[in-house]
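K.L.:
Letter by letter, the chains look like this.
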Amino acid sequence: MKKLTPYLILVVLLFQACVKQQEVSVIYEASQAVSAFSVSYQNEYGLLVDTIINPQSNQDIWRYKMFLSKGDIVYLSGKYDDINSGLKLSIIIDGKVFKEQYSLGDTVNYLIVSGTIPY
Amino acid sequence: MDKFSLVLLLMFLFVSVLPLTAQHDTIALKEVEIIDFKGNITGHPVDRINPATIFQTSITDVGILLSAIPNISGVRKGPNGFDPVIRGFKYSQLNVLLNGATKIEGGCPNRMDPATTHVDINSITDITVYKGPYALKFGPSFGGIINISTWQPQFSNVYTTHLKGNVGLQNNGYGYNSTLNLEGSGKMFSYAIVGGTKNYGNYRDGAGRWVNASMQQYNSSAKVAFKIGGKSVVDARVDLSQGRNIGFPALSMDERQDKTNIYTINYKGTNVSKIFKLVKINGWMSVVNHTMDNKNRPISDTVVAVSVIEAHDAGVRGSVKFNMKQGTLESGLDYEHIYKDGKRTKSMIKQPGLPVKNESIWSNAVIDNMGIYGEYLLERKAINWIVSGRVDFNSANSNPMERLGINDLPFYFEDSTSSKYLNFSFSAGLTWKLNVNNRIIFSLGHGVRSPDMTERFIVLLPVGYDRYDYLGNPGLKPEANNELDVEFKHYSKSNWYFDGNIFLSYVTHFIGSKRVPSSIARPQTKGVLGVKQFVNFPAVWLTGFEASLESPAEKQWHLSINAAYTYGVNPTAPGYKIENGQVVDEYVIKNDPLPEISPFETNVSFQYKFFNGKLVSMVNWRWVAAQKAISVSYGEQTSKSFQVINIKINYKFSSNLTVWGGVNNVFNKTYFEHLNRNIIGSSAPLYEPGRNYFVNFIFNF
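From first to last, the protein sequence lines are chains A and B.
Using the working numbering, the first residue of the first sequence is number 1, and each one after it goes up by one.
Using the working numbering, the first residue of the second sequence is number 1001, and each one after it goes up by one.
Any given hint could be a false lead.
[Claimed, not checked] Below 30 angstroms or equal to it, Euclidean Cα-Cα: the simulated DSS-like pairs (lysine-lysine) are:
no., chain 1, residue 1, chain 2, residue 2
1, A, K79, B, K1357
2, A, K70, B, K1433
3, B, K1277, A, K70
4, B, K1381, A, K99
5, B, K1350, A, K79
6, A, K65, B, K1350
7, B, K1640, A, K70
8, A, K65, B, K1357
9, B, K1357, A, K88
10, A, K99, B, K1433
11, A, K99, B, K1493
12, A, K79, B, K1669
13, B, K1493, A, K96
14, A, K70, B, K1493
15, B, K1493, B, K1433
16, B, K1277, B, K1187
17, B, K1350, A, K96
18, A, K99, B, K1277
19, B, K1277, B, K1526
20, A, K88, B, K1346
21, A, K88, B, K1514
22, A, K65, B, K1277
23, B, K1652, A, K70
No lab work stands behind these hints: they were computed from the structure.
Predicted model, so just to flag it, every value in this text is computed and none were measured.
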């Protein structure tokens, strides 16, 4: 066993090089709209997904949950055509709001929240 | 101290009680080189780094280690990746080798990973620097050769196992490094397995400001050698290294991940026949996968840029050494193949639809170099002669150099990328032994190097010192260094040693850069002044000196003093008049100093041994002059004079355990080296670390 000890130590040391990327919980949220709006978001596979959301009231919240690695891009954009109402987009990382935007009555521009998950 | 450091320390303490076999009956098969006194090979200026010094400090990069040699400094852009500068020569003007043959091509176009970075500093056993264009047997030599040696196979009559290791801790750039090295040998075989890690945080400069320069590195390697027939040794090596999350405050990106694999196989035959004294064959392949991004930069709120580059360097060299008349002739040939490919992906995260743009950094770029060389050494009573020559056939090509604009239409396109060169280099040197105590060495050389990947194929990236996007030029001519060295060595009767050297270098077809009009190429990087293209200038010259004085080694105290200076000039450099961030006029600057040359520097080191050498204390005073000889053409800034004092102490507890401890920058000076790049997007220099306490435990069983 004593002869093996140096080898075991070396193996332990070498395995230290295999550091796993730390995953974080990401939630995209869209809220405060009262009628249909479109969102576009980048999912955990790096694909851009377009979808239409139909809320019943401004209490309805659309959510998309996933796990990503530090340094990954998070992207959520929305387009809302109701001039009398607003849309709020949020990106929540590990339970904390990372990016948040709100627009009221803007039917021309896209509302975008995005960034990279901090290291 | 984090958990990992604690575990390592406990491991080493545990190992320290293990009864491992003692070191005895070791037979070393090392190539014999003819060494002049103080380690110089006859006929050429040569410097060596004492391998013991590697473990004496908190140095984490080979480039910093090299700067202990007079007239060697490094371009600093982050916590590692110090790009060596020897007598004003840098980048591809220097040839960096691992174990005399293996070459590594870094991935980053901005050289955040020069070849020296891919070598684990804790595995180094020796570094030899051949200054000037003289040592042609190692490959094309222009400004100098840096030969880094790692494991050398040793054989023993009885089976032995040795465990070596070190754990180093420091407080500024808080972190640790550790290495464990297991070596074993028998009559016919020898092996080594090495693993190591470095983990450092950001550091504070002398004024207490944080510098974003954290780093993580992991290294491992396995080596095995077999003795065949008593005269031949074959060894195979695999070296793996990884860098992660390394901050480069002076560059627009940080290193996210670098994976480097180096595969080597070597054959060495000693006295294999009556004719051949030495036969060597080396084959290697290094593969660098380099990923960097701007995710830690403010601009990543708008555009996230990620560059992924793959760089290969593969080659083979063979040489034979035999007696010829009264001298020794070494002759051989070498072949090197460099391949680079990579792209930058830009995600516009503030735009609808998340548009992504791909830009080529290198597009299947290839450089091949085949060389044949000979070196003849003749030893006589009064004068030793050395003459060498080499011929290189160099060819290169790439997919078209292009940069696409809106709708993927190219706004820069160049499809004429092939080039072929036949380069002749030669050198001659003599060592005149005036008497037992005095020697004069004359060296004369003509070293030619072909342009490198960046100079040939880079497309609109800010890779230079100045604020310009750079454009490669496949039509560049090779650069030639014509150099003369005169060195005087004196060993006094009381064993004081003096070494003084002056050199003059006349470089023809000097590769520099010149602004091109926007009709040829428009800049693509925010904040730059325009586009420069690599061009040949007719000629530049460099001159300087190195001098050192050392007291006798056998005394209880030891004094070492050295000084060095280099000055370089471009007789006709292009100048640019800049108003409101725009180039409004061009003119010619007469005798413009060459950029990125270190100022005058002197070092004084004193050490004293206590308790029969068990305890050694050292103090080092380093004084660096202001650099006012700056290149106006490159918009270089002056730098201030500074002085730094470092102290260290060594205690040898036993033959198994030695401890080094010390303080770098004792008086917490706020300073920066002239070659440190500015923090990106500002004119603020990248300051050196403030006061740093360190301790290194070195184990050897």
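K.L.:
Confirm or reject each hint.
P.N.:
These are the hints, each one checked on the structure:
no., hint, verdict
1, A/K79 <-> B/K1357, "holds (23 angstroms)"
2, A/K70 <-> B/K1433, "violated (64 angstroms)"
3, B/K1277 <-> A/K70, "violated (57 angstroms)"
4, B/K1381 <-> A/K99, "violated (79 angstroms)"
5, B/K1350 <-> A/K79, "holds (14 angstroms)"
6, A/K65 <-> B/K1350, "holds (21 angstroms)"
7, B/K1640 <-> A/K70, "violated (40 angstroms)"
8, A/K65 <-> B/K1357, "holds (27 angstroms)"
9, B/K1357 <-> A/K88, "holds (28 angstroms)"
10, A/K99 <-> B/K1433, "violated (75 angstroms)"
11, A/K99 <-> B/K1493, "violated (75 angstroms)"
12, A/K79 <-> B/K1669, "violated (55 angstroms)"
13, B/K1493 <-> A/K96, "violated (75 angstroms)"
14, A/K70 <-> B/K1493, "violated (65 angstroms)"
15, B/K1493 <-> B/K1433, "holds (16 angstroms)"
16, B/K1277 <-> B/K1187, "holds (22 angstroms)"
17, B/K1350 <-> A/K96, "holds (21 angstroms)"
18, A/K99 <-> B/K1277, "violated (71 angstroms)"
19, B/K1277 <-> B/K1526, "violated (59 angstroms)"
20, A/K88 <-> B/K1346, "holds (27 angstroms)"
21, A/K88 <-> B/K1514, "violated (51 angstroms)"
22, A/K65 <-> B/K1277, "violated (70 angstroms)"
23, B/K1652 <-> A/K70, "violated (44 angstroms)"
In terms of the numbered hints stated before, the structure departs from hints 2, 3, 4, 7, 10, 11, 12, 13, 14, 18, 19, 21, 22, 23, listed from lowest to highest.
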